[in-house]
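Working from the sequences, and respecting the hints, build out all of it.
So the sequence lines, in the order shown, correspond to chains B and A.
Our numbering numbers the first residue of the first sequence as -7 and each following residue consecutively.
Our numbering numbers the first residue of the second sequence as -7 and each following residue consecutively.
Keep in mind that the hints were calculated from the coordinates and are not lab data.
Hints may be right or wrong, so weigh each one.
Copies of the same chain are indistinguishable here, so a pair counts whether it falls within one copy or spans any two.
Here are the simulated DSSO-like cross-link-like pairs (lysine-lysine), alpha carbons at most 27 Å apart as the crow flies [as the list claims (entries may be wrong)]:
1) K251 / K282
2) K207 / K282
3) K184 / K289
4) K219 / K207
2 protein chains.
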Amino acid sequence: MGQLVIVGTVAFDAIETPFGKTDKILGGAATYIGLSAAQFNVDSAIVSVVGNDFPQEYLDLLSERNIDISGLEIVNDGKTFFWSGRYHFVMNTRDTLATELNVLADFNPIVPEAYKKAEVVMLGNLHPLVQLGVIEQMENPKLTILDTMNFWMDNALEDLHKVIAKVDVITINDEEARQLTGEYSLVTAAQKIFALGPKFVVIKKGEHGALLFHKQHIFSAPALPLKSVFDPTGAGDTFAGGFAGYLAKTNDFTFENMKTAIIYGSALASFCVEEFGTKRLEKVTDSELKTRLQQFKELTTFNIDLS
Amino acid sequence: MGQLVIVGTVAFDAIETPFGKTDKILGGAATYIGLSAAQFNVDSAIVSVVGNDFPQEYLDLLSERNIDISGLEIVNDGKTFFWSGRYHFVMNTRDTLATELNVLADFNPIVPEAYKKAEVVMLGNLHPLVQLGVIEQMENPKLTILDTMNFWMDNALEDLHKVIAKVDVITINDEEARQLTGEYSLVTAAQKIFALGPKFVVIKKGEHGALLFHKQHIFSAPALPLKSVFDPTGAGDTFAGGFAGYLAKTNDFTFENMKTAIIYGSALASFCVEEFGTKRLEKVTDSELKTRLQQFKELTTFNIDLS
Chain B
-7 MGQLVIVGTV AFDAIETPFG KTDKILGGAA TYIGLSAAQF NVDSAIVSVV
43 GNDFPQEYLD LLSERNIDIS GLEIVNDGKT FFWSGRYHFV MNTRDTLATE
93 LNVLADFNPI VPEAYKKAEV VMLGNLHPLV QLGVIEQMEN PKLTILDTMN
143 FWMDNALEDL HKVIAKVDVI TINDEEARQL TGEYSLVTAA QKIFALGPKF
193 VVIKKGEHGA LLFHKQHIFS APALPLKSVF DPTGAGDTFA GGFAGYLAKT
243 NDFTFENMKT AIIYGSALAS FCVEEFGTKR LEKVTDSELK TRLQQFKELT
293 TFNIDLS
Chain A
-7 MGQLVIVGTV AFDAIETPFG KTDKILGGAA TYIGLSAAQF NVDSAIVSVV
43 GNDFPQEYLD LLSERNIDIS GLEIVNDGKT FFWSGRYHFV MNTRDTLATE
93 LNVLADFNPI VPEAYKKAEV VMLGNLHPLV QLGVIEQMEN PKLTILDTMN
143 FWMDNALEDL HKVIAKVDVI TINDEEARQL TGEYSLVTAA QKIFALGPKF
193 VVIKKGEHGA LLFHKQHIFS APALPLKSVF DPTGAGDTFA GGFAGYLAKT
243 NDFTFENMKT AIIYGSALAS FCVEEFGTKR LEKVTDSELK TRLQQFKELT
293 TFNIDLS
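Below is the structure:
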């Protein structure tokens, strides 16, 4: 089993969906990634920043799951990053109601000594220069995974390219892959991204699943068709966390094993959307996960005689 | 091996894509379905209508593939149905430039005597009353498959419901499933469609593949990720034709076998879009099809230890 370093936001979220709304609850990319990877009992560390308004209860929630928080800086007299959003009935569209960077504005990430030799680095969505800062502190990781989004393509493209050049795997959604490359075909987009640095490209398609590209190989993972999506917040981060967590646990970074990692990520994401915020993710049991993986197996298995 | 009756349009199409344009070429739902099902050498019959402007060469093209055309009425002094459309760079959107019903306006379908006992009926996209007329002439088919579209939901919903009540399988796209049921979740939409009659619901998602629903079971088939789509015309009909053709050939109408049929349909559709109109479909070899099925297998196979 390898170690896993996670950088990303740790935040307060306030969420509105057609099914209800929340006050400030636990959120942030690193939080979802950490909780998702914790399903594999990996030795992980979150590198992030919060204010002193961040409750001890949330810190405990992370620590209890074997997530090291010595790299989670707590800024005195600082306020935790806050995001607020409203989802429409069609859950793939949302309005951002508020984004308050607060302590995140001056964040200088510090990777704890004990994790500088970690095998796997998961760069959650955050300013590319912060992600770059983490990469520079690591001592020869075996696998670096980047998650990013269109916001950084619009506002920090040059910095983003610097990060992309240094990672092994990138996870982005289909529209972002098209924006980054100017190519409509995802096959051609993935090939153009290979030329930027990454050897593996994961394209997230939400309710349509995900595609993994490596050299000439393609793997297509379905999403589990759901009766309802209660709250999509964090689903992409949960996917990335399950992917990174499984890879750190198995210490096997082949295309074959990444396919399995994508199914784990997809299964964990399918839990994430069932309740507000991290609530459902916090209590997924091994037995529930196994049942859901079985559903993915049934969803995709067919017999065809090619003799 | 069972017999297959196909009803649907036989037409002239004029197509514009970002890659070029055609004059009037062979088109129509029944044409694509027939050519796709012909890959399985099934004994099939097309029930449709054309004008006397329809070239002998196109009739020969169908006959040569073991497609019976005694139910393809040729109206003297009539003109063949004509459709013209232009595809945008993003190929899932298109403008219809012309629709001339011509002989289709008064079409009264007649199923040839020799095919009234056919095991499989494929109702291609057409007015629901014409589809109903074919159902009424059949003597106890084992499987009736309906393909339809939003146009009939907008303009002939009551008639469409009459057809839906009488079929075993319906194939529609995701937006149409939502329109028909008023449900956003495709799982819930499929359940509502079960209540209307069909035991199997196939939801086509274009570049995102297809879902098959039956009772509590779901199968998710990917689409083959493609570098370019030259001309999407007929891809849905080709999918339906491959599905129906494989089922007629195997005479096995279980959920398990339908999964395989969907992969065959998807593989044939992936050829269809490679050239204008029916050109590519006309010349798919068994060996090419086998290679593509192997690609679907690789695309979807993963190992997961659930012990």
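Discussion item. Name the hints, by number, that the structure is in violation of.
Written reply: none
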